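Peer 1: Each chain, written out:
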Amino acid sequence: MSGLLQALIDGLLNPMTTPAHGLTLLALALLMARQPQRFVVLLIFALALAAGFLAIVLAVETTPARTVLLADAAALGVMVAASWAPKLLAWLLTAIAGAALALDSPPQAVRIAEAYATLAGTAVGACAILVVVAAIAGHANADWQRLGLRILGSWIAASAILVLAVQLRLS
Amino acid sequence: MRDHEHSNIAGALGVALIAALVGASQTASAHIVDGSATGGFMGGFAHPLFGLDHVVAMVAVGLWGAFLGPPAIWLLPITFPMVMATGGAIAILGVPVPGVEIGIALSAIVLGGMIALAARPPIAIAALIVGAFAIFHGHAHGAELPPGTDAVAFSVGFVMATGLLHLAGIAFGLLTRWPAGRIGVRVVGVGIVLVGTAFLSKAI
Chain A
510 MSGLLQALID GLLNPMTTPA HGLTLLALAL LMARQPQRFV VLLIFALALA AGFLAIVLAV
570 ETTPARTVLL ADAAALGVMV AASWAPKLLA WLLTAIAGAA LALDSPPQAV RIAEAYATLA
630 GTAVGACAIL VVVAAIAGHA NADWQRLGLR ILGSWIAASA ILVLAVQLRL S
Chain B
4 MRDHEHSNIA GALGVALIAA LVGASQTASA HIVDGSATGG FMGGFAHPLF GLDHVVAMVA
64 VGLWGAFLGP PAIWLLPITF PMVMATGGAI AILGVPVPGV EIGIALSAIV LGGMIALAAR
124 PPIAIAALIV GAFAIFHGHA HGAELPPGTD AVAFSVGFVM ATGLLHLAGI AFGLLTRWPA
184 GRIGVRVVGV GIVLVGTAFL SKAI
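Those protein sequence lines, which keep their order, are chains A and B.
Read left to right, the first sequence gives residues 510 to 680 (this note's numbering).
Read left to right, the second sequence gives residues 4 to 207 (this note's numbering).
In case anyone wonders, no lab produced these hints; they're calculated from the structure.
A few of these clues could be false.
What the hints assert, rightly or not - Listed next, with one range per pair, are the computed distances between beta-carbon atoms:
(1) A:L563 <-> B:P74: 40 to 50 Å
(2) A:F548 <-> B:K205: 50 to 60 Å
(3) B:K205 <-> A:L563: 32 to 42 Å
(4) B:A49 <-> A:T572: 51 to 61 Å
What the hints assert, rightly or not - Short derived list, chain A residues pointing at chain B, Cβ under 7 Å:
(5) L656
(6) L658
(7) A666
(8) V675
Owing to the predicted nature of the structure, the values given are computational and were not obtained by experimental measurement.
Beta carbons: idealized from backbone N, C-alpha and C, even for Gly.
The following block holds chain A by itself, in its conformation from the complex (with noise of 0.2 Å):
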């Protein structure tokens, strides 16, 4: 029981533990803080994150998935600098962050029901780190804050293009 128990707190913080995850759901909340249909947005991350779980579960080899994660990043965080977010491209990079993100974690326990205990755990934190920073970031409405958002936007942006450019070089 104390080892499912870890599992799933193992899973709750990889979000928080992973730079590459944190970046991206920061980004991901941000732009959906100014999204009128902020649970459609939810919603298809939790479908993509869903998809890319299972696809760790029918033992897909590994993917690029850490590579297009930071590209995403980097674009979300480019649209909340520019304060641009049209409806479909903001749904599509949702997707794809919540898959990416998916098939970036795979849990690394032995026995089956730990591994899923990591990956219900990583599903819910990923999801409560995006409800509550975007419910957050959705108050932030003096010209001030909106302002800070968005060179908060560009440094994500800038920090993801660095790292996609290291991963580059370095594959």
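Chain A is already provided as a structure; the job is to place chain B on it using the hints.
Peer 2: Using the frame of chain A, we list chain B on its own:
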């Protein structure tokens, strides 16, 4: 009389800022010469703070943005990190850019000069100038990124420190709301030109 006092305070602030920057900077260039950047968030965060030429240029971006007012006050600090990251990516991918050190020194001279002269070009020109120099700054730092899993934390720290230097410049630049503050900010611009000139003489 009050304006005179404000002018003195602003001038003293400017001199103090330059002195603090000189004191804080132990190395004389934007990049770590032996390429031994420390990894992790703190390594990335500290990295831009230990190159005086980089620091003064970043502060100058914020100062000039504040001087120009909206929309430059937010457009320049938003544009700079993304273009700088592109310059960094160019370096990481091994594409050479000639005259990086000269470009960095020139950035301090030009941006400081713009502040000192209270120049107000159209926003597109201002963004172009800042963007062009951002490539040089990004290129100088790009090669310092540690490979592997540490790269994300390092990059986040690096970009945050750069952004905070912009914000420091903007905060100081808000003094331009007062006549005496405008003088103080322009004095800082002169200081930035002097620092840039010193680096240019080393780079040539």
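Peer 1: If a hint holds in the structure, say so; if it does not, say that too.
Peer 2: Results for each hint:
1. A:L563 <-> B:P74: 40 to 50 Å: holds, 46 Å
2. A:F548 <-> B:K205: 50 to 60 Å: holds, 58 Å
3. B:K205 <-> A:L563: 32 to 42 Å: violated, 59 Å
4. B:A49 <-> A:T572: 51 to 61 Å: Given about 34 Å between the Cβ atoms, the range is violated.
5. L656: holds, 5 Å
6. L658: violated, 11 Å
7. A666: Nearest chain B Cβ about 5 Å off; hint holds.
8. V675: holds, 5 Å
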